[in-house]
Amino acid sequence: MEVLLFGISKELMGQQVLSLPEHQKIATVLELKQWILNQYPEMGTLYSFAIAVDQEYADDETPITENQEIALIPPVSGG
Amino acid sequence: MYSWLQDPEAGGINLFIGNVRNHAQEKAVVKLEFEGYKPMAMKEMEKLAAEAMEKWPIKKLLMVHALGSKQIGEPVVVIGTATAHRKDAFEASRFLIDELKNKVPIWKKEYFADQTVWVNAHP
Numbered sequence: 001m002e003v004l005l006f007g008i009s010k011e012l013m014g015q016q017v018l019s020l021p022e023h024q025k026i027a028t029v030l031e032l033k034q035w036i037l038n039q040y041p042e043m044g045t046l047y048s049f050a051i052a053v054d055q056e057y058a059d060d061e062t063p064i065t066e067n068q069e070i071a072l073i074p075p076v077s078g079g
Numbered sequence: 001m002y003s004w005l006q007d008p009e010a011g012g013i014n015l016f017i018g019n020v021r022n023h024a025q026e027k028a029v030v031k032l033e034f035e036g037y038k039p040m041a042m043k044e045m046e047k048l049a050a051e052a053m054e055k056w057p058i059k060k061l062l063m064v065h066a067l068g069s070k071q072i073g074e075p076v077v078v079i080g081t082a083t084a085h086r087k088d089a090f091e092a093s094r095f096l097i098d099e100l101k102n103k104v105p106i107w108k109k110e111y112f113a114d115q116t117v118w119v120n121a122h123p
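Protein sequences, first through last, are from chains A and B.
Under my numbering, residues 1 to 79 are what the first sequence spells out, in order.
Under my numbering, residues 1 to 123 are what the second sequence spells out, in order.
In short, the hints are calculated from the structure, not lab data.
Predicted model only: the values in this text are computed from it and were never measured.
Any given hint might turn out to be false.
Computed list of lysine-lysine pairs in DSSO-like fashion (alpha-carbon distance at most 30 angstroms, straight line) [unchecked claim]:
#1 Lys27(B) x Lys60(B)
#2 Lys55(B) x Lys27(B)
#3 Lys38(B) x Lys33(A)
#4 Lys10(A) x Lys60(B)
#5 Lys103(B) x Lys38(B)
#6 Lys27(B) x Lys87(B)
#7 Lys101(B) x Lys33(A)
#8 Lys33(A) x Lys43(B)
#9 Lys43(B) x Lys10(A)
#10 Lys10(A) x Lys109(B)
#11 Lys47(B) x Lys103(B)
#12 Lys25(A) x Lys101(B)
#13 Lys33(A) x Lys10(A)
#14 Lys10(A) x Lys70(B)
#15 Lys10(A) x Lys103(B)
#16 Lys33(A) x Lys109(B)
#17 Lys70(B) x Lys109(B)
#18 Lys31(B) x Lys109(B)
#19 Lys109(B) x Lys38(B)
#20 Lys33(A) x Lys55(B)
#21 Lys47(B) x Lys109(B)
#22 Lys55(B) x Lys10(A)
#23 Lys87(B) x Lys109(B)
#24 Lys43(B) x Lys101(B)
#25 Lys70(B) x Lys31(B)
#26 Lys31(B) x Lys101(B)
#27 Lys55(B) x Lys101(B)
#28 Lys31(B) x Lys10(A)
#29 Lys10(A) x Lys101(B)
#30 Lys47(B) x Lys60(B)
#31 Lys87(B) x Lys31(B)
#32 Lys87(B) x Lys33(A)
#33 Lys27(B) x Lys10(A)
#34 Lys101(B) x Lys47(B)
#35 Lys27(B) x Lys43(B)
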């Protein structure tokens, strides 16, 4: 499973795209957030971050699968 | 853009332009850089436009956001609304820029002389 990274998350996680290890079974947005926070504690210093699934904001219960486009959305600051 | 917003039924045209200013948090800004999750940003902007069109009797609406490096004084975001009466144009434009800043997946990086900061990232 791959997660597109944006903004400050690329720097905090030292990569452009996060590739989760094969054996890592992650079924929901909440599980993904928890895995990220465990692996990259720095991400816990942000206000918060959201997860987008297929380019839509997803809530914690949203299921996630391999073939969806998953992105990590740090606090936005457009405008 | 102004001419695009013209409409025979529109008595009020509101054009908001967000520019790069030369300071932030009392420090001199050298430049800004904007990164966007383009396909999702477009979707979110289209959702906001649709929402505004429902809330206000809008004749014409435009939303534009720059990406990449921006110098002092350069425009970054433009919101335009054309309505029969000015009240709706002001309100709709305010809604669009405020919600854009909350929802559209675009990120601003501020370059100061001695450091760079991702805006709004940390408390």
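* Satisfaction of hint between Lys60(B) and Lys27(B), Cα-Cα up to 30 angstroms -> Roughly 38 angstroms separates the two Cα atoms, so the pair is violated.
* Has the given pair, Lys31(B) with Lys109(B), been kept, meaning a C-alpha gap of at most 30 angstroms? -> It holds: about 9 angstroms lies between the C-alpha atoms, which stays within 30 angstroms.
* Asked: Is the hinted pair Lys33(A) and Lys109(B) satisfied, with a Cα-Cα distance of at most 30 angstroms?
  -> 24 angstroms, holds
* Given the hint that Lys43(B) pairs with Lys10(A), test it: the Cα-Cα distance must not exceed 30 angstroms. => Answer holds: Lys43(B) to Lys10(A) is near 23 angstroms, not above 30 angstroms.
* CA of Lys87(B) to CA of Lys31(B), is that 30 angstroms or under? -> 35 angstroms, violated
* **Proposed proximity, Lys109(B) with Lys10(A) (alpha carbon, max 30 angstroms)** => 13 angstroms, holds
* Asked: Quick one, are Lys55(B) and Lys27(B) close enough, alpha carbons at most 30 angstroms?
  -> Violated, at roughly 39 angstroms.
* For the pair we were handed, Lys87(B) and Lys109(B), check the Cα-Cα distance against 30 angstroms. => Distance ~34 angstroms between Lys87(B) and Lys109(B) Cα, so the pair is violated.
* Are the Cα positions of Lys10(A) and Lys70(B) separated by 30 angstroms at most? -> 21 angstroms, holds
* Regarding the pair Lys109(B) and Lys38(B), is the alpha-carbon distance no greater than 30 angstroms? -> 17 angstroms, holds
* To do: Given the hint that Lys101(B) pairs with Lys47(B), test it: the Cα-Cα distance must not exceed 30 angstroms.
  => It holds: about 14 angstroms lies between the C-alpha atoms, which stays within 30 angstroms.
* Hint consistency between Lys10(A) and Lys60(B) [alpha-carbon to alpha-carbon, up to 30 angstroms] -> 38 angstroms, violated
Checked against the numbered hints given earlier, the structure breaks hints 1, 2, 4, 6, 12, 20, 22, 23, 31, 32 and 35 and satisfies all the rest.
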